[in-house]
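Just need the whole structure built from these sequences, with the hints factored in.
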Amino acid sequence: MAIAAEAAALYQRLQELGCPALEGAAPEDPDGALRLLCAPGGARRAAVLEWACMRYCSAPSQRAPRPAPLPPR
Numbered sequence: 001m002a003i004a005a006e007a008a009a010l011y012q013r014l015q016e017l018g019c020p021a022l023e024g025a026a027p028e029d030p031d032g033a034l035r036l037l038c039a040p041g042g043a044r045r046a047a048v049l050e051w052a053c054m055r056y057c058s059a060p061s062q063r064a065p066r067p068a069p070l071p072p073r
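So in the working numbering, spot 63 of the sequence shown is number 63, and the numbers just go up one at a time.
Be a bit skeptical, because a hint or two may be false.
Computed spacing ranges between beta-carbons, pair by pair [what the hints assert, rightly or not]:
no., residue 1, residue 2, range
1, 31, 71, 37 to 45 Å
2, 18, 43, 14 to 22 Å
3, 3, 53, 37 to 45 Å
4, 16, 43, 16 to 24 Å
5, 49, 71, 38 to 46 Å
Source of the hints: derived by calculation from the structure; they are not laboratory data.
As the structure is a prediction and not an experimental result, all values here were calculated from the model.
Ideal Cβ placement from N, Cα and C applies to all residues, glycine included.
Here it is in structure tokens:
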């Protein structure tokens with residue numbers, strides 16, 4: 001399976017799970033799903049990752065603390 005087709009399958013599964021970060025997104029083809037989910041720096045991509053992590057570790061006591069900012073160089 002090509003990577004774009006895998007991205008389209010992942011997009012479909014995230015929709016089935018009710019990922020709110022995908023509301024209003026409608027990639028027209030597998031390449032569109034790939035860009036939506038894998039393009040660096042995308043705000044929607046970050047929201048999908050955050051949603052997936054929060055869904056996986058939903059109990060606040062199980063969540064990792066936010067990392068400390070990196071010190072200046």
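Point to revise | In rising order, the numbers of the hints this structure does not comply with | key: 3 and 5
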